Amino acid sequence: MSQQPPRSRRRTAPSPTAPRRPSSRTLRLGSGSRRLTVSFVGVVVLVLVLGGRLVQLQALDGATYASAAQQSRLRTTDIQATRGQILDRNGEVMAYSVDADAVFADPSMIIEPFSVAQRVAPMLGVPVSTAQQAIVAASARGSRFVYLAHDVDPTIAEQVMALGIEGIGTLPEPERMHPDGSIGASVVGFTDRDGHGRAGIEQQFDKPLSGTPGRLTVEVGQGGEVIPSGVHKETAAVAGSTVRLTISSDLQYVAQQALNQAVRSTGARGGQVTVMDARTSRVLAMTSDPTYDASDPGASPGPLLSNPNVSDVFEPGSANKIITFAAALERHVITPRTVLNVPGELQVADRTIHDDWVHSPVRWTATGILAKSSNIGTLLIAQKLGPKAWDDYAKAFGEGSTTGIQLPTESAGLLPAMKDWSGSTFGNLPIGQGVAVTSLQLANMYQVIANDGVRVPARIVQSVTAPDGSVARATAPAGHRIVSVQTARTLQQMLQMVTQEGGTAPKAAIAGYTVAGKTGTGQQLNPDGTYSNSNYWSTFAGFAPADNPAYVISVMVDTPQTDYLGGDVAAPLFGQIMTYALKAGGVPPTGARPASLPLYP
Amino acid sequence: MTAFSASGVVGRARSARGRLAPATAPRTPFVLLILVVLAAGLVLLLFVNTVTASGSFRARSLQLRNDALVLKQQELQRRIQSLSTPEHLAAAAAALGMVAGGDPTFIVIGPGGHTKVLGHPAPATVPPPPPPPPGGTNR
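For the protein sequence lines, the chains are A and B, in the order given.
Under the numbering used here, think of the first position of the first sequence as 1, with each following residue one higher.
Under the numbering used here, think of the first position of the second sequence as 1, with each following residue one higher.
Incorrect hints may appear among the rest.
As the list claims (entries may be wrong) - Covered stretches of chain B, as calculated for chain A (at least 3 residues, CB under 8 Å):
no., segment
1, 55 to 68
2, 86 to 92
Said to hold, decoys possible - Restraint-style ranges between C-beta atoms, simulated for each label pair:
no., chain 1, residue 1, chain 2, residue 2, range
3, A, Asp192, B, Leu69, 28 to 38 Å
4, B, Ile107, A, Glu158, 55 to 65 Å
5, A, Leu74, B, Ala53, 15 to 25 Å
What the hints assert, rightly or not - Some chain A residues judged to face chain B by a derived CB distance under 10 Å, without partners named:
no., residue
6, Ile183
7, Pro213
8, Leu216
9, Glu501
10, Pro506
11, Tyr580
12, Gly591
No wet-lab data here; the hints were simulated from the structure.
Owing to the predicted nature of the structure, the values given are computational and were not obtained by experimental measurement.
We put the CB at the ideal spot given by N, CA and C, even for glycine.
Input sequences plus hints: build the corresponding full structure.
In structure tokens, the structure reads:
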């Protein structure tokens, strides 16, 4: 506008004629109004465009942009669910979790690994050189993540972060504590760094133990500070359930100590002990040697990180004769006083069977055959019984099938199918060769006789308690009658003779109590498939008090060097653990007279 | 500028001055009002900031206290757990000179007060020193 007057003057100057002025003014006015119109239209278009854009942004896409804007202000973090505890039958804690952090480094952000390591390592209790090497090695790999320390106390982790070193960070990583260390480790199992169970109960009950993680969403300002009146959405974490076992940690400790001592004193390769309640089949102790420390499973070699009592099998040897005798009594093939002529050797198909000691033909009662553990006598009884009946009872006693206990990797043992039998197989199975069982299966077999003929599958979990306090009791498995009460009671008497003078296991006896059980000395296989004459599984399985059983214990010692007979190695261990179990369980002697059955006619 | 347009502007200015002239007196209160509003806004802003900051200070101190208490509780729990393990109890009992008993023996007290001894009571024998624990640790 300010340029208008000069321009108009310039235009008017060349024309001296006055009448043109008004026309020129009209033109200017007209063009002025046109400019106005043009400007107006331009402004209107501009307003429309801007307004349209505004409507598009605010009304049409508004929600998207608003949420995008809010998203950039929102911060969502996971709230970790506390892992549930594992308790023993008395509520003693066998595994629990505490807060801890892992400290890591991002080598790509660290220029001087040594100075960083020098500042951080002493706080983490790690040698400076180790931390430095970890950073350098990860850097060489091109990795952007390397752990410097695990299980770091949260206060220490906070102090490390307060140093403000670039490339150092922390992650919450709850630490799993096993106060008992190696006691019950094979049952409880362990967890990996991510907090998931990798063995034992930790693995089997990983889901209920883990719980459900929660989420916390808050609105934060530019500096990351929480805006008090902003969005605050919290989904609480649901803590894991508590699993209560049927294990007694005291008995577990005693059994583990006794087994460890026996293994060391006999120079054995290892051993297994399983203790269960005679009536309910609840496992009270389950231990193997060697074992591992549940607090530090990484320190033990991989093969040890299992529960051999349920996953490894061995030949029960003469302990398997209980099936032959129970079946023969039940089918009325024998009575405890049936007299048999037992020769010095017996031909079965292509094999010649001997007893453990050389003897001339001798007359024994059936009880005598059991108490002396004569292979030949047992096979004579088995032949009277017949292979079909024997196989039926072996299956009924649980051989060849899992117990269904709440533990991972349970083995079904090994019972050859009848169609695969060779001519000599029936000369092996009744005396415990060519058949393999787990320590748990062996205990469960003797539980049948202890529980007056009713087999109850073994269980190890008592209840699962949800975080809201509701208790889910483990359902007691149904019992099945395998043999009559009469047969079971008779066998209880006969098995007592094993632990008396004249039997194979007087070392299993406990003063004041009646003890029933059976020894076994299973020959291990040589690499070429023949039976070894130097490597044995020394076993004993039994129960006490014999006339009103409270506990069943199976003991196996793998390759003892000093002695090898079940009666010398496994039986004393049985007596030792049973003595403690009876005392701790408050089981008084029944006062019943010890059984008195003739071994000879 | 043309006389036409100039006179128009002057006219408008004059008439405006004529209308505004009576309102000149109450201008000070208006300015004061604006100042008060500004000051109030500033104070309010300061207040909100302070509240926010004090809230986060409080949250921070409570968080620290909570962390410390959680750690203390965890530490105590850890101690209780390790002290109550069978392994530790056995060692503590042995340190007091206690030994495991022999064969189980029970005294049954009848309704009439008479007692009956079940089992064969015998004094406990001191066993050979127990072997070290099988690789177990108390953490």
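Chain B contact restraint on Pro213 of chain A - CB to CB distance below 10 Å
violated (18 Å)
Just to be careful: measuring from the Cβ of Gly591 of chain A to every Cβ in chain B, is the smallest value less than 10 Å?
holds (7 Å)
A closest beta-carbon separation below 10 Å is what the hint needs, so does Glu501 of chain A meet it against chain B?
Since chain B brings no Cβ nearer than about 17 Å to Glu501 of chain A, farther than 10 Å, the hint is violated.
Do the numbers back the hint for Tyr580 of chain A, that is, is its least Cβ distance to chain B under 10 Å?
holds (8 Å)
Should the interface hint for Leu216 of chain A be scored as holding, given a Cβ-Cβ cut-off of 10 Å against chain B?
Since chain B brings no Cβ nearer than about 13 Å to Leu216 of chain A, farther than 10 Å, the hint is violated.
Confirm or reject the claim that Ile107 of chain B and Glu158 of chain A have a C-beta distance inside 55 to 65 Å.
Distance hint for Ile107 of chain B, Glu158 of chain A holds at roughly 58 Å.
Supplied contact hint for Pro506 of chain A, tested at 10 Å Cβ to chain B:
For Pro506 of chain A, the interface hint is violated, since the closest Cβ of chain B sits about 15 Å away, which is over 10 Å.
Within the assertion that chain A covers the segment 86 to 92 of chain B, do at least three residues meet a Cβ-to-Cβ distance smaller than 8 Å?
Holds: 3 residues of the segment 86 to 92 of chain B have a Cβ under 8 Å from chain A.
Supplied distance hint 28 to 38 Å, evaluated on CB atoms of Asp192 of chain A and Leu69 of chain B:
holds (29 Å)
Indicate whether the distance between the beta carbons of Leu74 of chain A and Ala53 of chain B respects the range 15 to 25 Å.
Taking Cβ atoms as reference, Leu74 of chain A and Ala53 of chain B lie about 21 Å apart, which means the hint holds.
Chain B contact restraint on Ile183 of chain A - CB to CB distance below 10 Å
holds (6 Å)
Examine the segment 55 to 68 of chain B: at least three residues should have C-beta closer than 8 Å to a C-beta of chain A.
holds (count 5)
Violation of the numbered hints given earlier is confined to hints 7, 8, 9 and 10; the remaining hints are satisfied by the structure.
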